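Asker: Sequence:
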Amino acid sequence: MILLKTFKISIFYTLFILLNSQILLADEAVNIDANSDGSSSSITSNQINSLVIDEIIVTAEKRSESLQDVSKAVTALGADELETKNIVDFVGLSAIAPGVTVAKNEGYKTIISIRGVGDETNQNAIAAPSVALHMDGIFIASKFSLRTDFIDLERIEVLRGPQGTLFGQNSTGGTVNVISKLPSFDGFQGKADITLGNYGLTKVRGSFNTPISDKIATRNSFVITDRDGFTDNIINGQDLDDANNVSFRSDWLFDITDNSTLRLFFQYFDADNNGAAMKGLDDKTPNPRKLAQDSMSDYQLTSEVFGLIYEADLGSATLKILASSQEDDIYVMRDNDRHNFGDVHSAGPLAGLPYIAAEYRPETSLVETKTFEVNLISNEPLFGVIDWILGAFYFDHEIENHIYEVKDVNNVKLVDQMDGKFTPYTHDPICATNPFAGICFAAFGAELGFVSDAFPTRESQSIYGQATFNISDDTRLVSGFRYTEDTFSSDVTNFFGLQSYLIEDDLEKTTGRVAIEYDIDDDTMTYLSFTKGFKPGGSNLTFGYPVDNEQNFGANPAPQLVFPLFESETIDAYEIGLKTDLFESRVRANISAFFYKYENLQFQSTDPDIYRGGVANIPESEMSGLEVELLGILTNELSFDLRLSFLETEITSDYEALDNIRAELYFFGEEPIRYSLRENIKGNKLAKSPEFNANFGLMYEKILSNGKLLTATAELIHRGDFQQRVFNNPFVDYVDEYTIYNLSLNYEFSERIGINLMALNISDEDGVNSSMTDVFGVAGTGIELIPPRQIMGRLSYNF
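Numbering of the sequence shown is given in numbering that gives the first Met the number 0, commencing with residue 0 and proceeding in unit increments.
It should be emphasised that the hints constitute simulated quantities derived from the structure, not laboratory data. The reader is advised that the hints may include incorrect statements.
Claimed, not checked - Simulated pairs of lysine-lysine, DSSO-like, Cα-Cα distance not exceeding 27 Å:
id : residue 1 : residue 2
1  : LYS180    : LYS61
2  : LYS190    : LYS283
3  : LYS108    : LYS283
4  : LYS531    : LYS681
5  : LYS283    : LYS180
6  : LYS214    : LYS108
7  : LYS190    : LYS319
8  : LYS180    : LYS202
9  : LYS108    : LYS289
10 : LYS508    : LYS61
11 : LYS61     : LYS369
12 : LYS596    : LYS681
13 : LYS190    : LYS214
14 : LYS202    : LYS214
15 : LYS180    : LYS369
16 : LYS190    : LYS202
17 : LYS319    : LYS531
18 : LYS531    : LYS202
19 : LYS61     : LYS214
20 : LYS369    : LYS596
21 : LYS108    : LYS369
22 : LYS319    : LYS108
23 : LYS508    : LYS190
24 : LYS190    : LYS681
25 : LYS214    : LYS180
26 : LYS319    : LYS61
27 : LYS61     : LYS701
28 : LYS180    : LYS289
29 : LYS406    : LYS289
30 : LYS319    : LYS214
31 : LYS202    : LYS283
32 : LYS508    : LYS531
33 : LYS508    : LYS596
34 : LYS283    : LYS319
Bear in mind the structure is a predicted one, so any value in this text is a computation, not a measurement.
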């Protein structure tokens, strides 16, 4: 591994030197005068007036400061870049920021993985993700919020590496900060546009800024998207991967005094679609954009966020109070085996056996969250040398989750073999199954796959602080801490109230960060940091029948592999970085290298008991990598951006786990056989961790002879291959790499009117975004593709 990393680093530095040489040659060839009138360009704006890369201001440490002064790996994507690259949701961030992989999962969830640290517990409602989401500084708790569309953004900041000191416990992988445009007092202004494209796309957006008075301003925005599906279900005619989404945001800013402001906002998202296309691994339909599944699907999501932000300048420090109320409500019906009746497994332990038909009828979740945070940020150094921040955070998280799965155990297409009718379930408190001819069968002998009613909750409170000691004019020491108290409980009933399980636990944890920053010169900063982070544990939500009932029906108990409680994760992260502006600020290079030691990584596993299973912990893992971001101005009309990431991951401890693909062959009463199929996963790669990602873009800006601005961009996105689960099962876990190309052409008729033509995935690559094998299901694996080639035109009007 060390030799491989050394080789990759050598390749990078060779590329870096050659690239810089070419830029110098271009500089000499064109002999550009940076002060010439109207003939220069900036890659961070649409104004051709300078050959200098603009300063980027971020809030990566909860205060506004230059990106180049932050001793963290941060990618900042401004509104212009988001527009040009048509990044409209979180999935669009995949492979754009170095080390970031965004995977669609299970048809209605989204997983963000940064540097190999993601969310491998997506089927557990109370388990926390490893990448935190913040909206305008407010922590957004629900995983379903990652399914919403972006609306009226100023920028997105992707912070790579553990961010728990300032951003809390669910950020062992990193943090995504979504920054919305702030209401302005600079008069009525706004923008409206309409986008039309293939697949019947119609998208209408509007943003309107209105000063109500010299003390009150409001900004209101909406996005309406309607699009046909990318994939057809040839069995029932459903159009899948369609879009019928509505977003709305109302943002109000109040100047209370000369030194204080109050901001109130409400953001709403609604989706009512047919659902995602999850093509079965053994679906033989030849066209990748067609599938054959015998169950209807449905997907509905409503997401609401109410936010309050109060800010007061106290002189030596700024007080900030952030509060929110959040609610996400989701309804899903889907084909849980991802295949048509009669399809058979083509490979692996189940080869030749038919898929057992299974459906969700349905799964629903209601997620309610309250957050409150207060912090105090210095405006001037304490004793002239210490910049500081102190804060406290609280959140309350409540979930109501219901799952009803039906399964065709006798393989006669979800119709009972005794009376020709399928009764999906009964609320009988003794056997809770289908009554056949007056006989009550146990759940494990009936066409009832799984039933769960879960009410998990989590409450967390923490205090945090960070200080930057200015040792000298060019050297700084950063030190921070966070103390967290976390409590969770799960009230779970499986199979209609036969027995209720209440599990509660709490923990206390102190984490922190220390870094040394050194300015080599005015344009170059290097840093070295150590961060300790954690993600809290929780409880599993599947307990099946009590052991004595299972034994009465013929169960043969075996040792457990998955337990009611799973442990917290901890990470020790080491990072070294360099940030520099070169050639009179015409080139910006940000480079970081890291090494992680991870303990108790949470992942989903199967248990010998078919009605148990869920989240377990891998004792030890390691991640290491290198990330590169280059921005450059090649000529007065041509600029580029290049983002690369190299990643190595490995499970380094002995650990035995049971793969559902192997265990599904054996059923109730065969628990000892299932237990014997466990495997040691030491040496396996971590999930959703591509060894190499790349994003390269070229932008050409020119003022034409008629004075109009023409902008053309070309982009390459390469997402490397990865394993979808830690089992690294060769039959189901390998996800192939893909490379796509995007083109965009923008012409501004005037300051008010513009037209934009976009061709996305121009080679029509059928790349696999992700795949998913249900740990609780019937060993069906579903594949979700990236969007196909899309041709779009957008007409915009500014006022």
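Asker: For each hint given before, does the structure comply? Return the numbers of the non-compliant ones in rising order.
Answerer: 2, 5, 6, 7, 14, 18, 20, 22, 23, 24, 27, 28, 31 and 34
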